[in-house]
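Please dock the two separately framed chains into a single complex, following the hints provided.
Here the protein sequences come in this chain order: P and E.
Numbering-wise, the working numbering puts 111 at position 111 of the first sequence, and it's gapless, one number per residue.
Numbering-wise, the working numbering puts 238 at position 25 of the second sequence, and it's gapless, one number per residue.
Incorrect hints may have been included.
[As the list claims (entries may be wrong)] Far from chain P by the CB rule (all over 10 Å, computed), these chain E residues:
hint: 1; residue: Ala261
hint: 2; residue: Arg367
hint: 3; residue: Asp438
hint: 4; residue: Asn530
hint: 5; residue: Leu709
[Claimed, not checked] Here are some, though not all, of the chain E residues that point toward chain P, as calculated from beta-carbon distances under 7 Å:
hint: 6; residue: Asn519
hint: 7; residue: Leu522
hint: 8; residue: Asn527
hint: 9; residue: Ala531
[What the hints assert, rightly or not] A short list of chain E residues far from chain P (calculated; beta carbon distances all over 10 Å):
hint: 10; residue: Ser245
hint: 11; residue: His391
hint: 12; residue: Ser471
hint: 13; residue: Asp480
hint: 14; residue: Gln520
hint: 15; residue: Ala524
hint: 16; residue: Asp582
hint: 17; residue: Lys608
hint: 18; residue: Val621
hint: 19; residue: Glu636
hint: 20; residue: Ser652
hint: 21; residue: Ala657
In short, the hints are calculated from the structure, not lab data.
Using N, Cα and C, we set each Cβ at its ideal position, and we do this for glycine too.
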Amino acid sequence: MSPPNALDSARAFVVDDEEAVRESIALLLRSVGIASRCFADARTFMADYHPDDPGCLVLDVRMPRMSGLELQDELNRRGWTLPLIFITGHGDVSMAVEAMQAGAFDFLQKPFKDDDLIRRVQKALEHDRAQRQQRRGLTELQHRYDSLTPREREIAERLVAGESNKVVAIDLGLSERTIELHRAHVMEKMVARGLAQLVQMILQLRGSSRGDR
Amino acid sequence: MSIPPLAPDENPLPAPPAESARTNFASEDRLSALLDAAVDPIVLIDSAGRILRFSRAAERLFGYGSDEVLGRNVKLLMPQAYAQDHDQYIHRYQQTGTPRIIGIGREVTAQRKDGSTFPIDLSVGEFRSGAEQGFVGILRDISERKRQEQELLRSTAELRLIFDNAPTAMSITDIRGHILDANHACQVLLGYQRDDLLQRRYTDLTVDEDRAALVADFLSLNAVDDSFSREVRFRTPDGGVLYALLYAGVVCDIEQRSLLMIVGLIDRSALFAATREADELRDRLVHAGRLGMLGEMVSGIAHEVNQPLTAIANYANAGRRLLQNGLTDAAELVSILDKIGSQADRAGQVIRSLRSLTRKREQLRERLDCNALIEDVSRLMELDLRANGLRLQLKLSPALPPVHGDAVQIQQVVLNLIRNAAEAMQERRGDEFVRVTSSARARAVVEICVSDSGPGLSAEVEDRLFEPFLTTKAEGMGLGLSICKSIVSAHGGELLYRRGERGGAEFVLRLPTATE
Chain P
1 MSPPNALDSA RAFVVDDEEA VRESIALLLR SVGIASRCFA DARTFMADYH
51 PDDPGCLVLD VRMPRMSGLE LQDELNRRGW TLPLIFITGH GDVSMAVEAM
101 QAGAFDFLQK PFKDDDLIRR VQKALEHDRA QRQQRRGLTE LQHRYDSLTP
151 REREIAERLV AGESNKVVAI DLGLSERTIE LHRAHVMEKM VARGLAQLVQ
201 MILQLRGSSR GDR
Chain E
214 MSIPPLAPDE NPLPAPPAES ARTNFASEDR LSALLDAAVD PIVLIDSAGR
264 ILRFSRAAER LFGYGSDEVL GRNVKLLMPQ AYAQDHDQYI HRYQQTGTPR
314 IIGIGREVTA QRKDGSTFPI DLSVGEFRSG AEQGFVGILR DISERKRQEQ
364 ELLRSTAELR LIFDNAPTAM SITDIRGHIL DANHACQVLL GYQRDDLLQR
414 RYTDLTVDED RAALVADFLS LNAVDDSFSR EVRFRTPDGG VLYALLYAGV
464 VCDIEQRSLL MIVGLIDRSA LFAATREADE LRDRLVHAGR LGMLGEMVSG
514 IAHEVNQPLT AIANYANAGR RLLQNGLTDA AELVSILDKI GSQADRAGQV
564 IRSLRSLTRK REQLRERLDC NALIEDVSRL MELDLRANGL RLQLKLSPAL
614 PPVHGDAVQI QQVVLNLIRN AAEAMQERRG DEFVRVTSSA RARAVVEICV
664 SDSGPGLSAE VEDRLFEPFL TTKAEGMGLG LSICKSIVSA HGGELLYRRG
714 ERGGAEFVLR LPTATE
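Only chain E is shown next, with the shape it has when bound in the complex (with noise of 0.2 Å):
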């Protein structure tokens, strides 16, 4: 911008000397008062763009004397780049008569002379006296309005930064839920585009089941300060669900007309899968109880074989003892073997359907990477071996053939396996270890080792290691090995054991690889 055309004129006069042009005046003295009496500077040019009148408002504001610039053209006191064009302005009005600037006003560039530019409105009024024509030119300084103006602009353009660069999901909409702004997050999290975001409602924008209640939620907002939250589903443009908390609340616009109101989403798709991780958590301890079953079955059973037990060792002794006391007969001796005999027959009943109970689910075979299994029961294990000082390691072979099998049989010897490890080391000596590894052998076998650091078995142990209630536990029945192992058998596999190489235990489970 530059300081428009301030004095058109069709025949412009030769430009009258300043003295002659002031003398014109009819009350010269009255004009000179009314001009520097006026706060704002004024400027009067005549029809060729001289200045005829400097006003002491403007010899403050541009540090020009009037001696300095009357008579001079007004160009003076523009910038050059303005200043180029300020006679072609000037020309312009007079060809055209079209005002530009007369009586409309306008923000220009002014310079001061020592060279400094400063923003001023400028409001132009044109004048006839007589012979005299001319432009009256009325300046304001608005160097503090430009600051503030500049100020609001920056800290609005900061807010709009903060607002589109914000973490959050935020957006504005109208009181009837259209979406009037989003910021990038909301974009985001939403994957809609800007454009598709806006004058849509987020009513639109969730899945079927959960809109009614949103929609209801809206409606309920009407006055300043309303608010509400709610979790919603919302229906993502790739076919996927995104689970977000909503919260809506009420605010007026700037000009205090109308109700807006700010929503804001967070993503809550992380809470979400960590629910669904305690779900499967809780899932796992199930399988996992079911698991434990087997030795919750091998103590309850305990009660159930030590009673015909006791009774045997009672009736063989009174047996015995009456005998040799000459207290009994024939006949009485035969009763008491009877009932031996169904005594002997109720053990044998309950370890039947024990054996019945591992035996009922051999039809389940089912393609198993063992190296799921593994992983499955030593995250099971693994709280509880911490929790003793003791490290499970897993050593497992990345190229495992799958096996055929019953994946909770098989995960039943390796958790019993793992648990006499850990049994094994409860004296503890220092850095103390369960390890399990895999791998595959030759001949289509897949063999899975637990080890452990502890002190190994006596050799009178190991060589009944298999059979039924041998224990070296105090609370222990003496099953549990003898049933992995012929959980084992019936996998057409084998359960070996031998003396790991630094002494501990080590127990081979040997299973035939899967064939098609």
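Same shape as in the complex, but just chain P (with noise of 0.2 Å):
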């Protein structure tokens, strides 16, 4: 059980068209401090929720209008991350199946056991909030690099690639006193301790462009 954090403004988002099950799920999860908000349904919560929110989202399979697994394309389609715990009721497995495929975080079938919803949601929220600081430190990388001329660039670039500051110096056409010049600029700007950070952090930019292709 994660203690409340009042900097960490994650919640429970609710969606469920019955009220009674969205709001006792909401004071379930309240009574071990997690925040949540609650929907009647799929569009309410498309309407208000913001990528930039972290939480996760409990959501019933089967509801009216939009169902749990359109929101759930909908969400993909968007490019939205939120974690998806869905609820199923009687005989929906072979949806939930579905949902496990299509990249829901877990689901719970009805009625579940308090722990079992209380853990699910809980492990939810990490991996949200572990999501989003990775994304955050990738955020702050891009800043970094994106603040180092062109020469830095080429010349990180070349470092990481494994070749020495002679080599550089001699392939520019620079003085190798130049090339150590640069390159302080460089670990300044990316804030790297030594050549290996930096060939850390850049192949991280590098993963993260890739996966976003």
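Set out below in structure tokens:
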């Protein structure tokens, strides 16, 4: 059980057409210090939610108008990576399988044990937090990288590729001294404590940009 | 028939010798040439019946030479049976002067020298030449024609035989539809004797509703090869209705003069019976749907019950945790408890509405034959079971007193028990069966037993068998047996479980017999 964290604005978004069900889930989550917001249907949620809002989604599979699965599709389409916990009713196992295949975080069958729900919501929130942290780190790195001059970027890439100051200096027709100066700037701007860390950062940036493609 | 009187005469002369008879003809040579040139055999006799001339063709036909027959009585050329009367024929003609054959011609039987007989066409003329008087017979061998005639008769008889004995109802009518002939199958199908059918029209025999259309059909036929077919209902003499397909086609009669119709009938009773059976089957399926509704209802209410149950559990757990974590106060707890109460009410409401569904029909009480009910249900279930490799055995006591109750409800119970049994045997070991028996018990009780060859029930399940929401099935709600039990109780009966002789499950349904 993670303690309530005032700085953490993460919440569980509970979407269920049944008022008593969503309200009781919210109450159950509150009892362990998890904030939540309730929505009676998927559309209301979509209209209200902003992708920067951290948290997780607790979602009934079977709802009028827009089903849980349709909401999942819509989130995937928009690239919003909110972890989804599906709640399925009697005999909806096939739907649950479908939801898991489409990337749902987890699912629960009604009626469920309170511990099961709480544990899953906590895991989902942690997952979301980690995901966002990672994304935030990447964004920061990208900012740093973007602050490099073209010359500094080139030198950084060559260093990451394993070339020595000397080789880089000869290739670029610069003095080794100038290269050392650029290198110091790169390390400063990227906040890297050594070459090893710089390599890691650049690789991380490449990995994320590859993922975006 | 015999060779007819060849030579009647008032006063028959003594038979002249053949030699002298011949010489009496003036143009002997010319006559001989004429007779011998004739293709048809010619025989001349005198008024006493003696042969005067015997042509070459006659010699060839009979196998006699002229020498052998001249002067002898013409009876020689006839079989014995006819020959004996021949003299009389001649005599009668001479007495009465009334010709029986002269100038008329007739088919008779002739006999060759070797004794064999053959049919001939005989024409006889009378001649007088001075004192000479006699008869001339011109013969034609008609063996071939006779053979052809026989053949024709035989094939006609054969056709007739086929027509009469054909398994298909066939008839011939004139162009206006009057029946001219109807074969045996047709008579049997329509239920009329042949004579009753002749000259009647098919349009007279139909039920009133079908008449107009058939009349129009017949009127539409007016040329060779025109045809139609129509489903028609006929009124039979015994007051029944015959379903038939009538087809008619126009043909020309043998003489190519008038148009006839060949009208055939195909018995459609079997088809209509099958249609009726299909209708009944559909009714049964509707009935099955009604029975199956219980199962559907149960899974349908699953969702309805699930929602409040989920909410109740959440509220209760949340309340406990909030209290434990010091995050709530008495006022909030009270409101949470209120919510639990109202959700429990809601769940109760669902169950109550379900109960009232089964209670609503309690007024319906009629005398029921349990065997018929069981057979009904087994027909519904049989295919299902067979598809799953299970046999459904019925052992129904023939002498079963009626019970008092609601047929659909009792069937629902039996159907549920059979379905449970079938589902208990999903894991097959071999020759699995579900057995339903009925028997009359002492103290006015009818007992229906549904047993299976499955694994039976565990002691734990057995104890709580009829409690609502107890289920061993992944998809089950656990309401089936508790509803069954309440139905049976409402009928004043009881529903029991016992372990079958071979270890399978056995459910016993006891119902009181109907009292007058």
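Each hint tested on the structure:
Under the 10 Å C-beta cut-off, the non-interface status given to Ala261(E) relative to chain P holds; the minimum distance is some 120 Å. The non-interface label for Arg367(E) is consistent with chain P: the shortest C-beta to C-beta separation is roughly 78 Å, beyond 10 Å. Residue-level check passed: Asp438(E) sits 63 Å from the nearest beta carbon of chain P, beyond 10 Å. Not every CB of chain P lies more than 10 Å from the CB of Asn530(E), the least distance being 4 Å, so the non-interface label is violated.
The Cβ of Leu709(E) lies farther than 10 Å from every Cβ of chain P, with a closest approach of about 30 Å, so its non-interface assignment holds. Nearest Cβ of chain P to the Cβ of Asn519(E): about 5 Å, under the 7 Å cut. The hint holds. At a threshold of 7 Å, the smallest CB-CB gap from Leu522(E) to chain P is about 5 Å, leaving the interface hint in force. The closest approach between the C-beta of Asn527(E) and any C-beta of chain P is roughly 3 Å, which is under the 7 Å cut-off, so the hint is satisfied.
The restraint placing Ala531(E) at the interface with chain P holds, with a minimum CB-CB distance near 4 Å, inside the 7 Å limit. Separation of Ser245(E) from chain P is adequate, the least Cβ-Cβ distance of about 118 Å exceeding the 10 Å criterion. The beta carbon of His391(E) is kept farther than 10 Å from every beta carbon of chain P, the shortest such distance being approximately 70 Å. Look at Ser471(E): its CB is around 75 Å from the nearest CB on chain P, clear of 10 Å, so calling it non-interface holds up.
With a least CB separation of 51 Å from chain P, Asp480(E) remains clear of the 10 Å interface cut-off, as annotated. With a closest Cβ-Cβ approach of about 5 Å to chain P, Gln520(E) is found to fall inside the 10 Å limit, against its non-interface label. Chain P draws Ala524(E) into its interface by the beta-carbon criterion, the shortest separation being 4 Å against a cut-off of 10 Å. Separation of Asp582(E) from chain P is adequate, the least Cβ-Cβ distance of about 38 Å exceeding the 10 Å criterion.
Taking the minimum C-beta to C-beta distance to chain P, about 36 Å, the non-interface status of Lys608(E) holds against the 10 Å cut. Every CB of chain P is more than 10 Å from the CB of Val621(E) (nearest about 26 Å), matching its label as outside the interface. For Glu636(E), the requirement that its beta carbon stay farther than 10 Å from each beta carbon of chain P is met, with the minimum near 16 Å. Distance check for Ser652(E) against chain P: the nearest CB is about 39 Å away, which clears 10 Å, and the non-interface claim stands.
Listed as a non-interface residue, Ala657(E) keeps its Cβ farther than 10 Å from every Cβ of chain P; the least gap is roughly 43 Å.
In summary, the structure is inconsistent with hints 4, 14, 15 from the numbered list given earlier, while agreeing with the others.
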